[in-house]
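K.L.:
Work out the full structure, taking the sequences as your base and the hints as a guide.
Chains as they are written, first to last, in this note's numbering: chain A, 11 to 441; chain B, 30 to 224.
FYI, nobody ran anything at the bench for these hints, they're computed from the structure.
Since the model is a prediction, treat every value here as computed from it, not as a measurement.
Not one of these hints is a red herring.
Partial selection, computed: residues in chain B whose CB lies under 7 angstroms from chain A:
1. Arg69
2. Ala70
3. Leu72
4. Leu73
5. Glu107
6. Thr113
7. Trp134
8. Leu170
Pairwise CB distance ranges, derived in the manner of DEER restraints:
9. Pro55(A) - Lys203(B): 50 to 60 angstroms
10. Ile199(B) - Ala156(A): 17 to 27 angstroms
11. Leu176(A) - Lys161(B): 48 to 58 angstroms
12. His35(A) - Lys161(B): 39 to 49 angstroms
13. Arg299(A) - Gln49(B): 48 to 58 angstroms
14. Ala61(B) - Leu176(A): 19 to 29 angstroms
Yeah, the Cβ is synthetic: ideal placement off N, Cα and C, and Gly gets one too.
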Amino acid sequence: MANLPTPPMPLPQTSPVKILTRDWHLPECWTLENYLKGGGYQALPKALKMAPQAIVDEVVKGNLRGRGGAGFPTGMKWNFVRKETSFPKYLVVNADEGEPGTFKDRAILEWAPHMFVEGLIIGCFAIDCHVTYVYCRGEFRDGPVARLQTAIDEAYAKGWLGKNILGSGFDLEMHVVRGAGAYICGEETALLESLEGKKGYPRLKPPFPANAGGGLFKQPTAVNNVETLANMPAIIEKGGDWFSSVGCPKNGGTRLFAVSGHSKKTGVFEAPMGTTFTALLNDYCGGMRDGSTLKAIIPGGSSSAIMTAEEAEWMSDFDTLKTKKTMAGSGAVVFLDQSVNMAHALANVTRFYATESCGQCTPCREGTAWLSRLLDKLCRGEGEKKDVDNIHQIARQMEQKTICALADGAAMPVKSYIEKFRGDFDALVKG
Amino acid sequence: MIPLTRPAGPVPSPFNADQQARFDAGFAKAIAKYPADKKRAALLAVLHLAQEQLGWLPEAAMAYVGFLLDVPAVRVREVATFYTMYRLKPVGCHHLEICNSVSCWSKGSEALLKHAKEKLGVHAGEVTPDGKFSFGEVACLAGCGYAPSMVVNNYAYAEDMTPEKFDALIEKLKNEPGQNIADFPKNHDTGRAHG
Ligand SMILES: Cc1cc2nc3c(=O)[nH]c(=O)nc-3n(C[C@H](O)[C@H](O)[C@H](O)COP(=O)(O)O)c2cc1C
Ligand code: FES
Numbered sequence: 011m012a013n014l015p016t017p018p019m020p021l022p023q024t025s026p027v028k029i030l031t032r033d034w035h036l037p038e039c040w041t042l043e044n045y046l047k048g049g050g051y052q053a054l055p056k057a058l059k060m061a062p063q064a065i066v067d068e069v070v071k072g073n074l075r076g077r078g079g080a081g082f083p084t085g086m087k088w089n090f091v092r093k094e095t096s097f098p099k100y101l102v103v104n105a106d107e108g109e110p111g112t113f114k115d116r117a118i119l120e121w122a123p124h125m126f127v128e129g130l131i132i133g134c135f136a137i138d139c140h141v142t143y144v145y146c147r148g149e150f151r152d153g154p155v156a157r158l159q160t161a162i163d164e165a166y167a168k169g170w171l172g173k174n175i176l177g178s179g180f181d182l183e184m185h186v187v188r189g190a191g192a193y194i195c196g197e198e199t200a201l202l203e204s205l206e207g208k209k210g211y212p213r214l215k216p217p218f219p220a221n222a223g224g225g226l227f228k229q230p231t232a233v234n235n236v237e238t239l240a241n242m243p244a245i246i247e248k249g250g251d252w253f254s255s256v257g258c259p260k261n262g263g264t265r266l267f268a269v270s271g272h273s274k275k276t277g278v279f280e281a282p283m284g285t286t287f288t289a290l291l292n293d294y295c296g297g298m299r300d301g302s303t304l305k306a307i308i309p310g311g312s313s314s315a316i317m318t319a320e321e322a323e324w325m326s327d328f329d330t331l332k333t334k335k336t337m338a339g340s341g342a343v344v345f346l347d348q349s350v351n352m353a354h355a356l357a358n359v360t361r362f363y364a365t366e367s368c369g370q371c372t373p374c375r376e377g378t379a380w381l382s383r384l385l386d387k388l389c390r391g392e393g394e395k396k397d398v399d400n401i402h403q404i405a406r407q408m409e410q411k412t413i414c415a416l417a418d419g420a421a422m423p424v425k426s427y428i429e430k431f432r433g434d435f436d437a438l439v440k441g
Numbered sequence: 030m031i032p033l034t035r036p037a038g039p040v041p042s043p044f045n046a047d048q049q050a051r052f053d054a055g056f057a058k059a060i061a062k063y064p065a066d067k068k069r070a071a072l073l074a075v076l077h078l079a080q081e082q083l084g085w086l087p088e089a090a091m092a093y094v095g096f097l098l099d100v101p102a103v104r105v106r107e108v109a110t111f112y113t114m115y116r117l118k119p120v121g122c123h124h125l126e127i128c129n130s131v132s133c134w135s136k137g138s139e140a141l142l143k144h145a146k147e148k149l150g151v152h153a154g155e156v157t158p159d160g161k162f163s164f165g166e167v168a169c170l171a172g173c174g175y176a177p178s179m180v181v182n183n184y185a186y187a188e189d190m191t192p193e194k195f196d197a198l199i200e201k202l203k204n205e206p207g208q209n210i211a212d213f214p215k216n217h218d219t220g221r222a223h224g
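P.N.:
Listed below in structure tokens is the structure:
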């Protein structure tokens, strides 16, 4: 697997472009005052003078792809909602951030809440939505949610939310609601169930959320990630063509990479879409921590297939990683060093899915639990060689058989860890 | 037994006067977020509110919430047991939850869990004899870059943890009141508990 040709696209090694992190160098970068100083709330009046369809057209031109995990083209999603004739329509924001490794939406809510609020207002205007909900993970109450609520209150006071925004005739109410600890509620249809006051069981599709019958309270609904929407002010101000030029083909803009693990620096880094993992590690994170060498990379949250150190030259955009049989996912990059046994790492990752499976579909409920038991057995030194083959086989059986993608997200790491790091597994086999 | 139907008459409140005042204020705000005919949607928020008053969710609180929102008790129970932040039995005044997902794991969360067990002298899910502390293992908290990370009483993040920082945190919390669980009679007959 290791020596697949690297893609031809040359990329700048460090990003001079700062979109989402524009103000982050300032102390108290989250205040309205600082956001205004950096040019905040200039896109909103401009957007409100545009035709809603023209806004969506810019988003299409900008090649904005959803930052929640699937990389779905945002403009296309909004066009689906626009085509529906049933009202009201909703825009629901996914701020549930639960994928292991991911902590970038929290950073936006804490450090750039106004950029997100402005982007959300523009998004609502574009799809003719008058009530929007931001669904935040429960633990965010005192930090990110508090900052967000302050920003919303300030926006109401300034007339950027509420009735007849800036004299445009457009009305919008923005509400923050909280989950209560369930990874599955990050899946968009489980999120909608939760928002309706139910347990988070994903819904069978179709109908899709964007269509009548499939969304919040059965109304057409766009579900979008926090980071996706925070890009809107820049797209309106500078245009879709500019936004598209920042990234790589079909992947516009920058991405907030949430880096964790064994690199020297960890945290949230903004880099153009497509930046290679080598560049991310060396130019942004200062390389690996002292005395350690890179062994493996989780490229897009724990559900993504693992990469070896040799594969670090791969570009990180949605399309490249898809062709490499992994995914850009949530933009959560975990650099792991030689101290890690990949079978132990996989046992940890799989335990997460076994705990968080909602239990609705049998292949997922039973499969994740079984995988977790077998991997724990292996890690205790009680496993046999056939257990390793069994684990791989079970994972293959789980794919594409369930209502939502949690099972696929559990199977992808299992298969890839074994295929790429078989030695670590065999080393644990007894006898 | 969990009644499958809506209660016939009013259900008594489990709150004292102060708690009731705080609960009522929050309740009005929570249901105002939804269309008038969709107040059930506020169930998660109202359960959070009830738990914030009592420190956990006794049967009486679930019954009361169901009555207010016109949701059958079995549906309230379904939600309360689905989500891990709701506590179905009392926890310590300070409940510490340590993330053990992959990023935190790669930075020593297992050692931190072991340290917590030794320091507090109880297993995960148990309460110290003085009622002050309990701890548990949780899934990713979105603090992965500042690993290992943990939360105190659901909401207060403590990050870049080490055993030394953990000990310092315990010393600090010893003198803080923590969750308001003393006000409610402990009723252990509350069904399935989260570990
Ligand atoms: C199991 C599972 C968990 C998910 N968790 C999240 C999450 O925490 N945050 C998020 O934005 N998207 C999450 N997603 C993706 C959402 O379903 C959805 O694709 C996304 O919110 C759409 O927004 P976007 O188009 O702006 O990316 C998850 C998907 C699955 C299958
Ligand atoms: S892995 Fe521990 S907070 Fe994300």
